[in-house]
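Enquirer: What follows is the residue order along each chain.
Protein chains: 2
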Amino acid sequence: MLMHLDMFKILAESEMRSAPYEFPEDSPIEQLEERRQRLERQISQDVKFEPDILLRAKQEFMKTDSATDLEYMKEQSQAPDFQERELVPEKEYQRVTISGEEKCGVPFTDLLDAAKCVVKALFIRQKYMGLSLQSFYRTAARFLQEFSERPLDLELCEEDIPETSFTAGATVHPPASKTHPYDNQDDIPSDIGYGCKMVNGVMHVYTSRASTELDLPYPDLQEYIADMNVMMALIINGPVKSFCYRRLQYLSSKFQMHILLNEMKELAAQKQVPHRDFYNIRKVDTHIHASSCMNQKHLLRFIKRAMKKCPTEIVHMSRGKGQTLMEVFESMHLTAFDLSVDTLDMHADRNTFHRFDKFNSKYNPIGESILREIFIKTDNYIEGKYFGHIIKEVMADLEESKYQNVELRLSIYGRSRDEWDKLAKWAVKHRVYSTNVRWLIQVPRLFDVYHTKRQLSNFQEMLENIFMPLFEVTVDPRSHPELHLFLEHVVGFDSVDDESKPEQHIFNLDSPLPENWTEEDNPPYSYYLYYMFANMSVLNHLRKQRGFHTLVLRPHCGEAGPIHHLVSGFMLSENISHGLLLRKAPVLQYLYYLAQIGIAMSPLSNNSLFLSYHRNPLPEYLSRGLMVSLSTDDPLQFHFTKEPLMEEYSIAAQVWKLSSCDMCELARNSVLMSGFSHQVKSYWLGPKYIKEGQESNDIRRTNVPNIRVAYRFETMCEELNLITQAIRTDALETIEEESLYMGAVHGRK
Amino acid sequence: MLMHLDMFKILAESEMRSAPYEFPEDSPIEQLEERRQRLERQISQDVKFEPDILLRAKQEFMKTDSATDLEYMKEQSQAPDFQERELVPEKEYQRVTISGEEKCGVPFTDLLDAAKCVVKALFIRQKYMGLSLQSFYRTAARFLQEFSERPLDLELCEEDIPETSFTAGATVHPPASKTHPYDNQDDIPSDIGYGCKMVNGVMHVYTSRASTELDLPYPDLQEYIADMNVMMALIINGPVKSFCYRRLQYLSSKFQMHILLNEMKELAAQKQVPHRDFYNIRKVDTHIHASSCMNQKHLLRFIKRAMKKCPTEIVHMSRGKGQTLMEVFESMHLTAFDLSVDTLDMHADRNTFHRFDKFNSKYNPIGESILREIFIKTDNYIEGKYFGHIIKEVMADLEESKYQNVELRLSIYGRSRDEWDKLAKWAVKHRVYSTNVRWLIQVPRLFDVYHTKRQLSNFQEMLENIFMPLFEVTVDPRSHPELHLFLEHVVGFDSVDDESKPEQHIFNLDSPLPENWTEEDNPPYSYYLYYMFANMSVLNHLRKQRGFHTLVLRPHCGEAGPIHHLVSGFMLSENISHGLLLRKAPVLQYLYYLAQIGIAMSPLSNNSLFLSYHRNPLPEYLSRGLMVSLSTDDPLQFHFTKEPLMEEYSIAAQVWKLSSCDMCELARNSVLMSGFSHQVKSYWLGPKYIKEGQESNDIRRTNVPNIRVAYRFETMCEELNLITQAIRTDALETIEEESLYMGAVHGRK
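One line per chain: the protein sequences are A and B, in this order. Heads up, the first sequence is in the working numbering, so the first residue is 1 and it goes up one at a time. Heads up, the second sequence is in the working numbering, so the first residue is 1 and it goes up one at a time.
Hint data in this document are derived by calculation from the structure and do not stem from the laboratory. One or more hints might be untrue.
[As the list claims (entries may be wrong)] Using 30 Å as the maximum straight-line C-alpha spacing, the simulated DSSO-like pairs for lysine-lysine come out as follows:
no.	chain 1	residue 1	chain 2	residue 2
1	A	LYS304	B	LYS304
2	B	LYS304	A	LYS308
3	A	LYS377	A	LYS309
4	B	LYS453	A	LYS402
[To be verified] Residues from chain A that keep clear of chain B, each with C-beta distances beyond 10 Å, as calculated:
no.	residue
5	TYR279
6	LYS308
7	THR324
8	LEU339
9	ALA653
10	ASP730
[Unchecked claim] Pair by pair, the computed Cβ-Cβ distance ranges are:
no.	chain 1	residue 1	chain 2	residue 2	range
11	B	GLU399	A	SER416	49 to 57 Å
12	B	ARG95	A	GLY320	47 to 55 Å
13	A	SER416	B	HIS614	45 to 53 Å
14	B	GLN94	A	PRO239	25 to 33 Å
Even glycine gets a Cβ: it sits at the ideal position worked out from N, Cα and C.
With the hints as constraints, model all of the structure from the sequences given.
Expert: Okay, here's the thing in structure tokens:
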């Protein structure tokens with residue numbers, strides 16, 4: 001490769017000499033590249049990055065210093081007119097428009113049927129999101145409104161947010177941390193003396209101990225089953241399938257074209273922004289497990305340090321007698337010196353591919369469960385001291401990196417009632433907190449295991465163990481002071497297990513109710529998800545009443561196993577992790593697109609477990625405009641460097657040739673779908689981030705060109721319009737409006 | 001994904017439930033994985049990693065503390081019997097043997113012809129390596145010896161190395177640095193009063209100014225052309241082609257089988273070694289360019305710091321008047337704050353694919369050559385002060401990492417006679433030195449450019465500018481004191497440019513001699529390489545006479561362009577960089593295998609320029625046993641993290657599912673093919689690293705299992721034996737031994 005740096009000019013001349021088409025072998029990719037280049041060479045003429053653009057750019061920005069640590073107010077004042085100025089370039093980007101009668105290439109009747117189904121499905125999701133106080137994509141909501149008798153209730157409308165919160169933004173994050181968030185034990189709210197009781201697997205709340213029931217919207221099982229059946233019928237409906245497939249293809253090629261025509265402009269826009277680049281935009285790792293958030297080298301060093309520092313500390317009880325760390329290692333015939341990443345043996349290797357069981361046993365350092373017990377558990381003889389320390393080291397690194405944030409998963413198993421308190425005590429005692437970190441609670445779907453172990457007699461017990469403490473602490477925070485403080489930083493629930501495990505049972509009206517679920521088999525995925533959803537919904541309404549923040553459902557979904565997991569995910573959860581199987585379910589993929597459901601993908605993790613890297617659908621999803629982000633899942637097993645999230649981005653960029661603009665879009669998505677507060681998000685993405693379209697984007701913070709945001713928004717509107725338009729046209733002819741959002745699908749039966 | 005860490009046991013039971021074959025879609029890969037797993041499950045029974053193995057392992061190693069910083073002598077004493085003990089396991093690994101008459105699956109006559117050609121080719125390489133005092137693979141040499149009248153002269157025989165040097169190892173590295181290597185100006189050797197004159201493009205040396213010529217082996221152009229033609233005829237010979245292709249296929253599948261049978265044992269062996277793992281084995285980045293060895297973020301930070309610290313320093317002359325750093329930026333309408341990685345715009349993006357020219361202009365920060373001039377050049381108004389500083393920052397990081405080492409490329413262009421002195425003065429003045437760093441000199445093939453610019457009238461001038469100073473400093477070190485000191489740390493030459501540029505000229509006897517090369521066209525690749533080789537050979541003999549270290553040729557070769565570049569590489573150079581095109585030249589690939597020619601590959605760089613990542617041949621080369629290593633080439637453009645080399649390894653491991661053993665083998669190769677001293681290598685790889693087979697391996701330092709080394713060695717011996725055996729058998733029948741290593745190919749004409 002030519003490293004003689006003076007010569008680039010001459011080489012530029014010699015371009016025709018070394019033109020691409022002179023290369024012998026041309027892979028499709030390379031041919032594509034060529035075409036792209038030719039096109040660009042023409043386009044780039046008028047948008048080439050010239051000094052005078054730079055000059056304008058500078059004049060534009062010199063007065064507004066947009067360093068992230070700028071006071072909030074200042075930007076507040078300048079943002080609007082900044083937006084005006086910004087609008088100009090977007091007006092003139094290259095748009096792709098389709099003209100003609102049948103815009104979508106299918107006969108009107110097919111379009112109409114499909115449209116009805118899609119709208120139906122969106123209404124279903126909207127209903128359940130509303131019921132549980134989770135968010136529903138506002139643009140879709142706006143388009144749906146005309147068919148709804150209910151008034152438009154957009155989650156997070158401006159009025160919901162006190163104007164102050166906007167201005168509060170900057171001061172809120174980083175918090176004025178004169179007092180540690182775990183310290184204000186005194187100003188914990190008081191008891192409101194409600195009582196709680198679980199009925200048919202759903203918690204019910206009563207004013208004063210078990211008298212009159214509180215009027216909270218309780219989900220209706222029968223209705224849910226009905227809706228689920230509608231969805232199931234809908235996703236296998238042939239014509240709808242081919243319609244959605246067509247649209248997804250269309251979205252892919254439209255994006256391809258958009259890139260060919262506007263890539264240079266997007267690049268130029270990014271360059272115009274002073275100071276900001278991919279390295280200093282906010283990123284959230286929206287799917288990562290606390291017990292494996294450190295990389296192997298880190299864990300190894302930590303273990304060695306622990307053995308040096310406190311070899312004589314009692315760390316473990318075996319047969320009634322305490323064992324010191326030294327004794328533990330002696331029992332394994334090991335010294336600190338012996339340890340290496342190889343002996344640790346926690347890295348996923350080729351043999352974990354499609355071997356979830358094997359993969360899981362990888363969680364034992366040196367294949368010794370005892371070391372895991374000692375070092376990466378919150379609930380052990382030393383009360384998770386070591387684990388707390390190592391997590392805090394990870395937090396310190398994150399804070400140093402400043403722009404990388406994580407949402408760590410901690411486990412609640414539902415085996416006993418005190419799990420929450422123990423977990424909260426661990427967090428509070430060891431002060432495991434960081435402004436860069438929020439918590440998610442993962443509930444493993446392992447009822448069958450506890451049941452066979454005689455730890456649980458029926459499924460309702462599990463639900464009670466999981467939710468009762470949450471209701472108690474919401475009713476009377478002082479009853480679980482640590483839990484109340486800890487909960488402040490918990491954003492939601494995750495549901496985890498090997499989805500590829502076969503399910504013996506189909507969830508329907510004949511399914512036993514939780515208290516009657518006493519059989520050997522594990523309840524199916526949808527059963528778990530529904531009851532977590534139901535209890536969370538009630539809890540959220542109670543918490544809203546009390547002015548506490550609400551929680552969301554963000555399960556692992558569609559990593560493997562049957563497609564219908566993705567149906568439950570679509571109906572009940574705000575975001576999902578993985579969603580690999582959407583690539584095999586066009587209808588659902590299209591719905592996930594229209595509803596902009598967040599999908600946290602972890603290609604490196606998939607690569608080791610379920611799907612080789614180059615076959616991962618992420619680049620396809622991204623091109624179609626699904627709301628995807630990159631997450632690490634499990635740095636301990638999959639990552640090598642000290643910056644796992646950057647490593648994940650780097651590999652994706654390299655293997656899939658993502659542009660800097662794609663990367664920044666992924667990062668922006670990760671913040672949008674994260675559980676960080678509205679204030680924090682307005683601070684990271686711009687004060688208007690909840691608005692629609694390019695208005696929501698502040699390139700000075702996100703480094704995402706408005707062109708890209710505008711393209712996404714306009715494309716989405718066309719898509720939603722195509723569908724609603726069809727129904728509208730049809731509506732004019734038919735009388736019974738009813739049939740519109742009632743049983744589009746029943747009608748087809 | 002299941003994160004419930006207690007449950008691995010239960011899951012292990014549920015293995016049959018979630019067995020891989022229950023998955024709907026099976027890609028070939030996945031099917032392979034399955035077969036692999038079944039096989040392994042059987043095998044692993046008898047080699048499973050049990051505590052008692054660990055116990056033995058520990059007992060074995062506790063007495064020998066093999067921390068890298070252990071004194072050398074101690075290991076010296078224990079290594080032998082350690083080796084004995086180590087031998088045991090290898091005896092019992094699963095071997096693949098072929099029985100039957102025609103072992104190689106081709107009729108004897110074809111085998112014989114092919115064998116003769118291959119041996120012929122190897123003799124040619126051996127000749128040129130000997131002539132230039134570069135190294136030739138000793139095992140191949142041993143097998144060839146019986147057909148050679150010349151006595152076996154193995155490069156680097158034990159006798160060549162003073163016994164002391166072994167024991168010196170530890171003390172040599174890190175050097176007893178009481179004095180900085182650039183400080184001992186006084187003990188520079190004295191003049192021996194030879195004179196040098198270039199004749200027909202090759203430097204000749206005379207005792208005392210221009211009297212009788214010194215008796216040094218001068219390469220013979222005619223012989224070289226003849227040999228080259230032999231090689232050219234040989235690589236396009238049909239039967240030989242299919243023979244080599246067959247053997248390469250055989251090597252692939254044999255390795256595949258070896259892995260299926262021994263992967264678990266290799267893993268166990270790695271685990272047995274205390275302390276050592278992939279992170280703490282020595283790695284050398286054998287192909288990286290000094291001017292882009294820092295990543296973008298680093299360069300950006302450095303520029304910003306410079307603008308903060310010394311805005312008023314004069315850094316540049318434009319039209320006779322000095323410009324301060326501030327003025328330079330003002331002239332670009334930029335402030336430090338404006339700068340971002342995007343504005344820097346030095347990252348290779350999709351548009352550099354197959355666009356070498358474009359790629360090269362990427363070397364201008366903000367597309368402004370002036371910034372490059374100021375910050376990443378050694379020879380500018382501030383005498384490369386900034387560049388020196390940033391390189392030293394990179395060096396500091398490397399020393400901190402301890403295990404990562406690099407061989408940085410610096411440019412000598414051959415436009416003027418003082419380039420060497422300027423470069424050396426830069427290094428010495430700014431003390432640019434590190435024990436983790438060695439230098440290579442890259443010579444861009446740009447005669448045509450200088451010629452059109454009237455800077456050079458003929459090609460010989462360029463050669464004189466490059467080599468005269470080296471001869472002068474070798475004859476009389478005091479004539480160029482800095483160069484003498486700098487040269488101590490230079491290991492060889494690299495030849496660089498865009499290989500895909502079409503070549504107007506074929507190198508043959510009619511080609512004009514260097515002093516007559518005055519035409520517009522650039523001399524072809526082979527012409528450049530031959531004359532660099534020829535002069536380097538003479539220089540090496542002179543340097544050997546004086547007791548100075550010798551240099552090697554390690555050009556960019558086979559990155560793109562015509563295959564015959566790889567022929568020149570095979571004949572003249574000790575190592576090459578890239579070698580991508582070997583995938584299209586079976587004969588050459590087979591020869592590069594048999595001669596174990598080092599190939600430094602940079603898949604990320606290729607991915608941006610010439611070949612998509614997933615199509616890169618590295619994993620294939622590795623499986624066949626070619627001597628490949630991983631290098632970054634150009635972190636500034638291709639890498640995101642602070643540890644580019646680790647990033648390169650990480651991505652390779654992830655995308656190609658390399659095992660820890662593969663990774664360690666790549667790392668060991670990188671050290672073997674690097675230019676670090678014999679002492680350093682013995683210290684990094686083990687005192688016997690130059691021996692053959694597993695004896696050469698010290699797993700306690702390389703973390704490469706002896707099984708792997710033994711497999712490679714035995715496979716190589718079988719291969720070499722197959723070939724020599726054929727000739728031997730044939731020899732018994734025929735009388736004229738002559739025809740053996742004479743004109744195997746002529747015979748076919």
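Enquirer: Is the gap between the beta carbons of B:ARG95 and A:GLY320 within 47 to 55 Å?
Expert: holds (51 Å)
Enquirer: The output says A:TYR279 does not contact chain B. Does that hold with a beta carbon cutoff of 10 Å?
Expert: At roughly 5 Å from the nearest Cβ of chain B, A:TYR279 sits no farther out than 10 Å, so the non-interface label is violated.
Enquirer: Starting from A:LYS377, check that the Cα of A:LYS309 is at most 30 Å away, please.
Expert: holds (20 Å)
Enquirer: Find the nearest Cβ of chain B to the Cβ of A:ASP730 and say whether that gap is larger than 10 Å.
Expert: holds (38 Å)
Enquirer: So does B:GLU399 sit 49 to 57 Å from A:SER416, Cβ to Cβ?
Expert: Holds, since B:GLU399 and A:SER416 (Cβ atoms, about 52 Å apart) stay within the stated range.
Enquirer: Taking the minimum C-beta separation from A:LYS308 to chain B, is that value above 10 Å?
Expert: holds (14 Å)
Enquirer: Would you mind confirming whether the straight-line C-alpha gap from B:LYS304 to A:LYS308 stays at or under 30 Å?
Expert: Not OK: B:LYS304 and A:LYS308 at ~41 Å, beyond 30 Å, violated.
Enquirer: Checking the smallest CB distance to chain B, is A:ALA653 really beyond 10 Å?
Expert: Not fine: 7 Å to the nearest Cβ puts A:ALA653 too close to chain B.
Enquirer: Minimum C-beta separation from A:THR324 to chain B exceeding 10 Å: can you confirm that?
Expert: holds (19 Å)
Enquirer: Tell me if the straight-line CA distance from A:LYS304 to B:LYS304 falls inside 30 Å.
Expert: Since the Cα atoms of A:LYS304 and B:LYS304 sit roughly 39 Å apart, the hinted pair is violated (cutoff 30 Å).
Enquirer: At the C-beta level, are B:GLN94 and A:PRO239 separated by a distance inside 25 to 33 Å?
Expert: With a Cβ separation near 56 Å, B:GLN94 and A:PRO239 fall outside 25 to 33 Å, so the hint is violated.
Enquirer: Does 45 to 53 Å hold as the CB distance between A:SER416 and B:HIS614, or does it fail?
Expert: For B:HIS614 against A:SER416, whose Cβ atoms are near 49 Å apart, the range 45 to 53 Å holds.
In summary, the numbered hints that this structure violates are 1, 2, 4, 5, 8, 9, 14.
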